[in-house]
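Colleague: Sequence:
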Amino acid sequence: MKKHFTSVISNLFGKFASKSFSPMVQNIINTGYVKLMGLDMSAFKEPSAYPTLNALFTRAFIKPPMLPKEKNLLISGVDALITDAGKIKEGKAYQIKGMSYDIHTLFGSYHTDLANKVEDGEFINFYLSPKDYHRYHAPMRLKVLSLTHIPGKLYPVNFPLLRHKKNLFIENERVIMACEDEKGRTQVLVLVGALNVGKMIVTFEEHIHTNSDITEPQHYTYENLTLEQGELFGWFEMGSTILTFSQKESIAPQVAINQKVYFSETLGKVL
542 MKKHFTSVIS
552 NLFGKFASKS
562 FSPMVQNIIN
572 TGYVKLMGLD
582 MSAFKEPSAY
592 PTLNALFTRA
602 FIKPPMLPKE
612 KNLLISGVDA
622 LITDAGKIKE
632 GKAYQIKGMS
642 YDIHTLFGSY
652 HTDLANKVED
662 GEFINFYLSP
672 KDYHRYHAPM
682 RLKVLSLTHI
692 PGKLYPVNFP
702 LLRHKKNLFI
712 ENERVIMACE
722 DEKGRTQVLV
732 LVGALNVGKM
742 IVTFEEHIHT
752 NSDITEPQHY
762 TYENLTLEQG
772 ELFGWFEMGS
782 TILTFSQKES
792 IAPQVAINQK
802 VYFSETLGKV
812 L
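Under this note's numbering, the first residue of the sequence shown is numbered 542, with each subsequent residue one higher.
Simulated from the structure, these hints should not be mistaken for lab results.
Each hint should be verified, as a subset may be incorrect.
Restraint-style ranges between C-beta atoms, simulated for each label pair [as the list claims (entries may be wrong)]:
id, residue 1, residue 2, range
1, Lys612, Met578, 31 to 37 Å
2, Thr807, Met565, 42 to 48 Å
3, His705, Lys612, 38 to 44 Å
Below, a list of computed lysine-lysine pairs in the DSSO-like style, where the Cα atoms sit at most 27 Å apart [as the list claims (entries may be wrong)]:
id, residue 1, residue 2
4, Lys706, Lys586
5, Lys810, Lys612
6, Lys610, Lys576
7, Lys628, Lys801
8, Lys612, Lys633
9, Lys707, Lys672
10, Lys612, Lys724
11, Lys610, Lys724
12, Lys707, Lys630
13, Lys576, Lys684
14, Lys801, Lys707
15, Lys630, Lys576
16, Lys694, Lys706
17, Lys638, Lys628
18, Lys576, Lys633
19, Lys604, Lys638
Yeah, the Cβ is synthetic: ideal placement off N, Cα and C, and Gly gets one too.
Given only the sequences and the hints, what does the whole structure look like? Please build it.
Modeller: This is the structure in structure tokens:
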């Protein structure tokens, strides 16, 4: 199968971003990117400390933020902008106001029951821009039941595309995480790929290779895999989006559209 042009572009940019140049040249690249994108590096190493641009993208905190002491709180697992949030109705969620999509299709053929389990529940869309911290963490204590990698395109997930590209999240490559919270209620996290590099890393599943030659969905199941609240489970190589879907009356989010959120920030309660 011929690769979509978005994958070709992402592969080319990925090669550049992963290349280690001489220290002087790399410092110019990294410092230029920090200034161009307006990165806040106060919680991270100096730009010159990263051997590649990709290492800068996927930077880790020098000292991670403190998690809330109360365990029934819903936290943000990422630094992001909330582009939409609301109730799941008739199997529909919104990529942005006025642009609904079918979550049955988003979840794919391995998860025909998931959409029904989150009906009347809550969805939240987290957009990670190129300037954001790119690592993702568990928003609550989760038991991971399965992981599905669905190959696709790598369109940008910025506001122009959100507003005008129908079924953007469905067309793009994605990773579906089917989970349960501590009370056995369904919680779904969807990692959505995007233009440039197009890689999504999942630390507990080495077989996930996004923006690759894989053309069919890959499905993995787990029996005793738990993520603690705030636990790191991977990162995007360049910005993208995480979608969350929660079973009815399992969370009480307190978020607003266009709200900027940061990892460890309280976003509501786990009921």
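Colleague: Each hint: holds or not?
Modeller: Okay, the hints, checked on the actual structure:
no. : hint                         : result
1   : Lys612 to Met578: 31 to 37 Å : 35 Å, holds
2   : Thr807 to Met565: 42 to 48 Å : 43 Å, holds
3   : His705 to Lys612: 38 to 44 Å : 41 Å, holds
4   : Lys706 to Lys586             : 37 Å, violated
5   : Lys810 to Lys612             : 9 Å, holds
6   : Lys610 to Lys576             : 35 Å, violated
7   : Lys628 to Lys801             : 20 Å, holds
8   : Lys612 to Lys633             : 30 Å, violated
9   : Lys707 to Lys672             : 25 Å, holds
10  : Lys612 to Lys724             : 13 Å, holds
11  : Lys610 to Lys724             : 19 Å, holds
12  : Lys707 to Lys630             : 18 Å, holds
13  : Lys576 to Lys684             : 40 Å, violated
14  : Lys801 to Lys707             : 24 Å, holds
15  : Lys630 to Lys576             : 42 Å, violated
16  : Lys694 to Lys706             : 13 Å, holds
17  : Lys638 to Lys628             : 12 Å, holds
18  : Lys576 to Lys633             : 39 Å, violated
19  : Lys604 to Lys638             : 36 Å, violated
Of the numbered hints given earlier, the model fails hints 4, 6, 8, 13, 15, 18, 19; all others are met.
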